[in-house]
Amino acid sequence: MQLREILEKYPKTEDYLIEILLDYQKTKVHHYLSEEELKEIANYLNVSESKVSSVMTFYTFFSMKPKGEYVIQICHDVPCYLNDQNSVQKTLTNLLNIEIGETTEDKMFTLEYTSCLGACDKAPAMRIGEKTFTSLTPNKVKAILAEYRGKKHA
Amino acid sequence: MVNVKINNRDVSVAPNTTILDAAKANGIDIPTLCYYPDLNINSDCRICSVEVEGARNLLTACSTPVKEGMVIRTNSSKVLNARRTITELILANHDTNCTACVKNMKCELQSLANQLGIDENRFPSVLKQQEVDDHNPSIYRNPNRCIKCGRCVDVCKDVEGTHVLETMYRGHDVEVTPKYGKYLTEEDCTFCGQCSSVCPVAAITEKDDSIRVLDALNNPNKHVIVQVAPSIRVSIGEEFGEATGGEWTGKLVTALRNLGFDRVFDTDFTADLTIIEEGHELLHRVKTGGTLPMMTSCCPGWINYAEQHYPDMLGHLSTCKSPQQMFGSIAKTYYAQTEKIAPEDLFVVSVMPCTAKKYEAAREEMQVNENIPDVDAVLTTRELGKMVRQMGINFQELEDGEFDNPFGITTGAAAIFGATGGVMEAALRTVYEVVNEKPLETLDFKDVRGMQGIKEAEVELGGAKVRVAVAHTLKHAKQLTDQIKAGESPYAFIEVMTCPGGCIGGGGQPYGTTNQKRQERINATYQLDSEMPIRKSHENPYITEIYSKFLKEPLGERSHRLLHTHYKPRVK
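If you're matching them up, the sequences are chains A and B in order. For the first sequence, my numbering gives the first residue as 1, with consecutive numbering after it. For the second sequence, my numbering gives the first residue as 1, with consecutive numbering after it.
Hints in this document: simulated from the structure, not taken from any laboratory. All values derive from a computational prediction rather than experimental measurement. Keep in mind that the hints are not guaranteed to be accurate.
[Stated by the list, open to error] Short derived list, chain A residues pointing at chain B, Cβ under 7 angstroms:
no.: 1; residue: S48
no.: 2; residue: E49
no.: 3; residue: S50
no.: 4; residue: S53
no.: 5; residue: T57
[As the list claims (entries may be wrong)] Some chain A residues flagged as far from chain B (calculated, every beta-carbon gap over 12 angstroms):
no.: 6; residue: D23
no.: 7; residue: K90
no.: 8; residue: T114
no.: 9; residue: C116
All C-beta atoms in this analysis are idealised placements derived from N, C-alpha and C, irrespective of residue type, glycine included.
Turn these sequences into a full structure, and let the hints steer you where they fit.
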């Protein structure tokens, strides 16, 4: 969807800034917004670009750098940590050959931490896009990754 | 009245008074850091925390209004421990190399640490070194010293309406920067320097030109002259601990002479010259159907703003250079010829209340010849104060001196350039008499004086009523400019000053400038005007002389080349 079309769904007031940013970022394969796009949003809402920049950098779910098609978020809170989140993380960094905060060379996966996903009873947990995976083990993680890679090549 | 107990003393104050003000009114100082008079109350530093009986946590005195029966302790152990911890945490994320800092001994954080008796920080430094932005001639921004108090953001966003600086990221990662961490030169920064004026530390300061000036003063091959802006004489004393509201012209002149300047001149002279040129430009526009309203062009912050935001309206700006630049070009031509000095051996320094003047002096349009700038170096009031202290000159002890001629005879009209509305009033005094060919009954145009954001007045010129307006701060200038854009401006002439109160409240003025101090400096300015023997620019005998000997006529060929300029759109 074009940015114009998204903008025109919303009234021209600052209150809708976050909704617009979320809505538009969702349409992007690599989950990021460029400076030019942010400028267009600022102009539409008649807010300063400084304000937009402030909001973009405040929330971790916004990005100005291209990410992988699939963003893998590993829970970084205590219950997951106590339930061997470490081996989940290690499996991911080994299989993808990237560290937390990095993106694979083929731009398919990005690895990030996230705060509690609300799945403490089934820790450790991670999320890919809007789907949450729980009770993870290294083997389960391998299978999930294989499935996502398969999706891409199917 | 509300009755409260502060440190076991019963006091009564007006309703809605904050704890901070209630304490202050009763002789109790509560330390502050992010708080600044005239700006938003953000309460983000927590230094003014006090204990209030019955409250779950410590409360911030700057933002908590008193309530009947409140029992407040401003100095309990709990309060002092909290303040110490907060200060230590701020220091752990701050470049604490205090001796190598321009704000050493003038830093609010340093004073606070001293006051709280911090001789050791329990927390190790977590400072991540970041790049310093010194890519422009005016402002030096060092993020390693920033304590994220938000004063600069408030002044940039709310007072000026420019909103270049903003808070980015969150929590421990917070940074105060232009958008996406860009340099000020990449942004619509006007270099007004109001941010540098309110910064409690040295995260934002003016770019230091004092070393360059000292080098010139010590160079035997250079003839070094200095010009002083109208607003410096009513503020410089504050650099040496004098109370606001005074006037220090005589001591200022002697201090500059003692620093070693070959001649000490007055920018007031070219302020008078500006009035002659700008007044005639206005009349020319009115007579020939030129672009109206005409807007003043003496303020370099405003010029930057107009070029950035109103690229298709630059025709409204007067083509007159500012008094600073007129002085430079007259010095490097007329004065150089008279004194038989080669322009390249002449070094022109100006003392300005302003950081944007440094940017203006560096503009490529502001040269008498290729590579010979009108003005070689610009010092702020603060930099001059520093130089005077460095040279061991005891300002208070100085005898009064007098400006050198030919650029030393000036008028009351020029003196008021430093206050918002002053340029307008000076122009009206001259334009009225030139057009109506009769003397003004009263010289005081009180409608255009004072701290109100937008002021207007009506004058009779040649039988017709003409409306004029005055704006200070860019937020207010924007209102008047948008009105022109919409085709709804009723005015013929508009004065714009970027800084609140005009130049007397400039970004380069002594630290601690507040609206109250601005008003006191304004009062001193009009007092000065009322005492001047000549109060109209066109009655300055040296102005008459420079036209007969050199410039020939206002708006003439020579004026056009030396005293006028052009503007360029700079939309990003």
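So, going through the hints one by one against the coordinates:
1. S48: 4 angstroms, holds
2. E49: Cβ of A/E49 sits 5 angstroms from chain B, so the hint holds.
3. S50: Holds. Min distance 4 angstroms.
4. S53: It holds, given that the least Cβ distance between A/S53 and chain B is near 4 angstroms, below 7 angstroms.
5. T57: 4 angstroms, holds
6. D23: Since the minimum Cβ distance to chain B is about 21 angstroms, A/D23 lies beyond 12 angstroms and the statement holds.
7. K90: Since the minimum Cβ distance to chain B is about 26 angstroms, A/K90 lies beyond 12 angstroms and the statement holds.
8. T114: A/T114 clear of chain B: closest Cβ-Cβ about 15 angstroms, beyond 12 angstroms.
9. C116: 16 angstroms, holds
Checked against the numbered hints given earlier, this structure breaks none of them.
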